[in-house]
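Asks: These protein sequences, in sequence, are chains U and L. In terms of my numbering, the first sequence opens at residue 6 and continues consecutively. In terms of my numbering, the second sequence opens at residue 3 and continues consecutively.
Honestly, the hints are just simulated from the structure, not real lab data. Please note: incorrect hints may appear among the correct ones.
Quick partial rundown of chain L residues pointing at chain U, CB under 8 Å, derived from the structure [unchecked claim]:
(1) L13
(2) S189
(3) G222
(4) L403
(5) L452
(6) L457
Remember, it's a predicted structure, so these values are computed and weren't measured experimentally. By construction, the Cβ of each residue, glycine as well, lies at the ideal position given by its N, Cα and C atoms.
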Amino acid sequence: MAPSTKQREREDAAGISGIRAVQTALFLLVLFLIPVLTIFSPKETTSYYENRSLAEFPALSSEAVLSGGYMSALEQYISDHLFKREPLLRLATRLDLELFRLPVISDVVVTDKALLPMLAWDEAGLAPDALATMTASLAKLNGAVEAAGGRLLYVGIPQQRSVMRAAYPAYLNNGGAALSETEAAFFGALSENGIAYINMLDVFWENYAPYYTATDHHYNLLGAYETYLQIADYVSEAFFPVQAVGPESLTFAPMDVSFLGSRNRKLFGLYPNGDILYGYTLSEPIEFDRWDNGEPVESTVFSSWGKNTYVYYMGGDIGETIIRTYRDDLPNALVIGDSFTNALETVLYLSFNETRSLDFRHYDAQTVYEYLEAYRPDVVIYVRDDTSYLSTDGNGNLG
Amino acid sequence: MVFSSLVFLFLFLPVCLALYYAVPGRFAGLRNFILLCMSLAFYFYGEPRLVWVMLLSILMNYISGRLLGGDRPQGARRAIMVLSVVGNLSILFFFKYCNFVIENLNALGASLPLLNVVMPIGISFFTFQAMSYVLDVYRKTAAVQRNIGYLALYITMFPQLIAGPIVRYSDIALEITARTHSLRQFSQGITRFCHGLGKKVLIANAMGLVADEIFAASAGGLSVHLAWLGAISYTFQIYFDFSGYSDMAIGLGKMFGFTFLENFNFPYISRSITEFWRRWHISLSTWFRDYVYIPLGGSRCARPRQIFNLFVVWLLTGFWHGAEWTFLLWGLYYAALLVLEKFFLQKPLEKAPRFLRHAYALLLVIAGWVLFRCDSVSGALLYYRQMADFGALLAPDLRVLYYLREYGVQFVLAALLSTPVLSMARKFLESRGILRFPALLSALCVFFILFFVVLSLLQSSYNPFIYFRF
C-alpha cells in the first residue's frame with residue numbers, strides 16, 4: 006500500500022532532520038578536527054615543492070599586535086602548516102592539470118611540449134637606458150679584467166622558454182619579440198665595445214631538443230657540455246690554447262631517477278614527461294680538490310643529495326667554489342654567473358688548472374674588482390641567461 | 003579577518019562556537035557577553051589601533067538612546083537626535099571624507115595639509131547601524147536599549163560588522179534579548195555560510211583576478227573584447243563578492259540564533275534599474291529610503307521635489323561607497339536613470355520585449371560598474387572609449403581566449419548562479435519526482451564547496467574583500 010501524503014511528509018521530515026544532524030555534525034567535526042590535527046601534527050620547516058621556508062609561529066609582542074603584523078604572520082603560519090597541506094595542494098594541482106586542464110597553473114604555462122613561464126602581456130621590450138648601463142658596466146669589467154692580465158668572455162645562454170618560444174599557445178605572450186630585440190641590441194653593443202662574447206642561441210636555436218628538458222628552465226648537461234666546447238674553441242682561437250675534453254673521452258649517463266624540473270616542481274612533479282638528468286664519466290679521470298666558501302668539501306662536481314634535480318650539478322648555487330686540478334701548465338679561470346654556471350662548471354674545470362666560480366647573489370666578501378685584483382685569472386667567463394642580459398640584479402650588479 | 007580565510011574557518015569560528023555553545027541556553031546574557039567579546043576580538047584582529055573609534059560610537063549612541071528614552075519634550079528629543087546624527091556623521095566624515103575635501107580644496111587653490119588618518123574597517127556599516135538605532139528610538143519604533151552590552155552587541159556583532167548587511171536595530175532588538183536556537187536553524191546557517199564562502203572564494207576571487215588584470219591594463223589600451231570581458235568580470239566579481247559576504251553573514255547569524263534580512267535577490271535578472279535597486283544591497287537602499295528619502299518627502303510631493311529627493315539620496319549613496327568623484331558620479335548616474343525611468347521610461351519599458359528590458363538593465367548596470375571600479379573619472383572615460391570601439395570587433399583579441407580557458411568554469415558558474423535557474427531546476431525536478439533526495443544533495447554540495455574552498459584558500463593568498471573599504 007502506498008504511503009499517505011502525511012506519512013510521506015513525516016518520513017521526508019524525519020529524513021531531512023537526520024541529514025541536517027549529520028551535516029551539522031560533519032561540519033563541526035571538520036571545523037574542530039582540522040585545527041586540532043594541525044596543532045598536533047609534526048611541523049615541517051621547509052616546503053620542498055615550493056622551494057621555500059615555511060612560516061614560523063609568530064612571536065607575540067604588543068608592537069606586532071598593534072601593527073597587525075602578528076595577525077598576518079599567524080595567518081601565514083596557519084596556511085603553511087594546515088593539516089595535510091601538501092597532499093591537498095598536490096590534489097588541487099592534479100585537478101587543475103587533469104580535470105580542469107588549465108592552460109596556466111601556478112604561473113606555469115602547461116603545453117603538450119613543455120612547461121613554460123607565464124609572461125606578462127605588457128612585458129617590456131628593449132630598454133635603452135638599461136642597455137647603456139649594462140654596456141658601460143661590462144666595458145668597465147672588461148677593462149678591469151685586462152688590467153689584471155686576463156681576458157673577459159661573455160657567454161649568453163638562452164633559457165628554455167627562449168628556445169621553446171614557439172611552444173607557447175598563440176593566446177599567450179611568448180616574450181620572443183622582446184628577447185630578440187634585446188639580444189640584437191645587446192650583442193651589437195658588446196661588439197662595439199670590443200667585448201668578446203658567445204651567444205649560445207646561435208648554437209641551440211636550430212636544434213634545441215637534445216640540450217633542454219621540457220620541465221626545467223636551464224639547459225641540461227648536454228647543453229652545458231656544448232657550451233663548454235664552444236668556450237674552449239673560442240678561448241683557443243682568440244686568447245690562448247685550451248684543450249677541450251672531447252666526446253670520445255667522456256660518456257654521458259642518464260641518472261636512474263626521474264628528473265624533477267624546476268617548473269614541474271611547482272606542479273608537484275605531476276606533469277608527465279620523459280626528461281632525463283645526465284651525469285658523465287671520464288675515460289681518464291682528472292683528480293681535483295674542491296672548496297666551497299673557503300671550506301674543503303668532497304672532490305666531486307655532482308651532488309650526493311640532489312640526484313633528481315638540477316641541484317645535482319655542483320650542489321646548487323654557492324657563493325664561491327674553487328676547483329684545483331694542480332696542472333700548472335694550464336690557465337686559471339674565473340666564472341661569474343647564476344645557476345646556469347653550475348652544469349657548466351662540472352665540465353669546465355677539465356680544461357683549466359684552477360676554476361673558480363662566484364655567484365654574487367650569495368657572495369659578498371669582495372667586489373668583483375677586488376677579487377680580480379687579488380686573484381688575477383687568465384680568463385673570466387661571465388655567464389648570463391638571455392632573460393637577464395640587461396638586468397642589474399644579482400650577478401648583473403658588479404658594482 | 004575575513005570569513006574566507008583559514009584563520010577564521012579553523013581558529014576563530016570553532017573557538018567562538020565552542021565558547022558560545024558551552025554556555026547553557028538559559029544563560030542568554032552570558033552567551034551575549036561571549037558573542038560581544040568575540041566580536042570585539044574579531045574587530046581588534048583587523049583594526050587593532052582604531053577599535054576605540056567603534057567603542058566611541060557605541061558609547062555616543064548609547065547615551066543618545068538613553069537621553070531620547072527619557073520623558074522629554076519633542077524639541078529636546080529632536081535636538082538630541084540631531085546631535086547624535088551630527089556626531090555619527092562627524093566621525094564618518096573625519097575618517098572617510100576629510101582628506102577628500104582637503105584634496106579638492108587644494109585643487110581649487112587652498113594649501114591645506116592632508117590629515118594623517120586611516121579609515122577604520124567597516125566604519126560606514128557600523129555608523130549606519132548605530133544611526134538606525136538612534137533614529138528608531140527617536141521615532142519610537144524601537145525601545146531604548148538600557149544595557150550597553152546589548153547595544154554594543156548589536157553594533158559590533160561580527161557576522162555583519164565589516165561588510166553588512168546593514169541590520170536595523172528594530173529587526174533584531176528582540177533576538178538580542180530572547181532568541182531561539184535549533185538544529186534546523188544551525189544547519190541552514192551552515193548551508194548558507196558555505197554557499198557564501200563558495201561564491202566569494204571560488205567565483206568572486208577568480209573574477210577579481212581577471213578584472214584586476216584587465217582594468218590595470220586599461221591605461222595602456224585595451225581591445226573592445228578585452229574591455230567588455232573586464233567589465234563583465236567585475237560585474238560578476240562585485241556581485242559574488244558582496245552577496246557571498248552577505249550569505250556568510252546571514253549564515254553565521256543563523257548559527258548564533260539571529261535572523262538577518264536578505265541583502266540580494268538576483269539583481270542581474272532585473273528588467274529595469276528601479277528593479278535592480280530593489281534587488282541589490284537591499285539593506286542600504288532601504289536604509290536610505292527610510293531615513294533619508296521618505297523624511298525628505300519621498301514621492302508624495304511635486305515632481306521637481308521628487309527629482310531633488312532622488313538626487314540627494316543617490317548622491318549620498320554614491321558618497322557612502324567612497325570619497326572619490328567616481329563614486330559620486332556613480333550615484334548621480336543612478337539618480338539620473340531612476341528619474342528617467344520614473345517619469346519617462348516606465349511605459350515604454352513595460353511595452354518592450356522582455357529580453358530587451360533585461361539587456362537594457364544589464365548593460366546600464368555593467369556600465370555603472372565600470373565607473374565604480376575605475377580609479378578616476380578620466381580612467382573611466384578611457385575605459386568607456388575602449389568598450390565602445392566597435393569598429394575593432396572583427397579583430398579578435400586572443401587574450402580573451404586565455405581568460406575564458408583559464409577561468410571558463412568560473413564564468414559559467416557565475417552566469418548560472420546570477421540567476422535563479424538552479425533553484426528553478428531543483429523545484430522542477432522535485433515536482434516531477436526526479437530529484438528524490440534534495441536535502442541530501444544540498445548537504446553533499448555544502449561539503450563539496452567547503453572542500454574546494456579549503457583547496458583554493460591553500461592555493462592562493464589572493465583574498466581581498468572589495469567591501470572592506472566601505
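Asks: Work down the list of hints and note, for each, if the structure agrees.
Replies: Comparing the hints with the structure gives:
1. This hint holds: L:L13 has a C-beta 6 Å from the nearest C-beta of chain U, less than the 8 Å allowed.
2. The interface hint given for L:S189 holds, since its Cβ lies 4 Å from the closest Cβ of chain U, which is under the 8 Å cut-off.
3. About 6 Å separates the beta-carbon of L:G222 from the nearest beta-carbon of chain U, less than 8 Å, and the hint is met.
4. Interface hint status for L:L403: upheld, as the beta-carbon distance to the closest one in chain U is roughly 4 Å, under 8 Å.
5. Residue-level restraint check for L:L452 holds (minimum Cβ-Cβ distance to chain U is 7 Å; threshold 8 Å).
6. The restraint placing L:L457 at the interface with chain U holds, with a minimum CB-CB distance near 4 Å, inside the 8 Å limit.
Going down the numbered hints, you'll see the structure goes against none, and every one checks out.
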